[in-house]
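Just so we're aligned, residue 328 is where the sequence shown starts under the numbering used here, counting upward by one.
These are computed hints drawn from the structure, not numbers from a lab. Fair warning: this is a prediction, and the values are worked out from it, not measured in the lab. Heads up, some of the hints might be wrong.
What the hints assert, rightly or not - In silico EDC-like pairs for lysine to aspartate or glutamate, Cα to Cα no more than 20 Å straight-line:
hint, residue 1, residue 2
1, K376, E419
2, K376, E428
3, K376, D431
4, K376, D430
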Amino acid sequence: MFDRLKAGVDVIRKRAGVAVRNDAAQAEVDRSAQQLTLYYRPTCPFCIKVFIALRRLDVPVQRRNIGADDAARRELVAEGGRQMVPCLRIEEGEQPRWLYESDDIIAYLESRFGTGRC
């Protein structure tokens with residue numbers, strides 16, 4: 328019964344344009360997403376655009392609201408160099424990479440987590 332229900336949910340998710348992965352592939356995405364932090368403001372339309380892509384790709388990244396979290400804002404400026412959102416912090420190698428611009432962030436997410444890779 329559960330398998331039929333899960334298959335039905337997967338059909339709905341596919342029709343809605345949401346990524347559908349098997350459990351092992353989603354676990355790998357979840358693990359990889361731990362290296363990502365999105366700095367944002369909730370009313371920023373470019374941030375919302377990134378949120379939509381994250382939802383569609385089913386990528387659970389850490390989120391830091393720089394409007395409500397002054398420490399997050401200071402970290403973004405001190406380490407990322409600019410107080411601009413959205414900004415995706417990517418932990419890879421010795422130094423984090425700071426990716427600005429919603430279109431660049433979405434392109435990165437698509438290339439790393441797009442369903443063609445699952």
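Now for the hints, and whether the structure bears them out:
{"no.": "1", "hint": "K376 with E419", "in the structure": "24 Å, violated"}
{"no.": "2", "hint": "K376 with E428", "in the structure": "11 Å, holds"}
{"no.": "3", "hint": "K376 with D431", "in the structure": "12 Å, holds"}
{"no.": "4", "hint": "K376 with D430", "in the structure": "9 Å, holds"}
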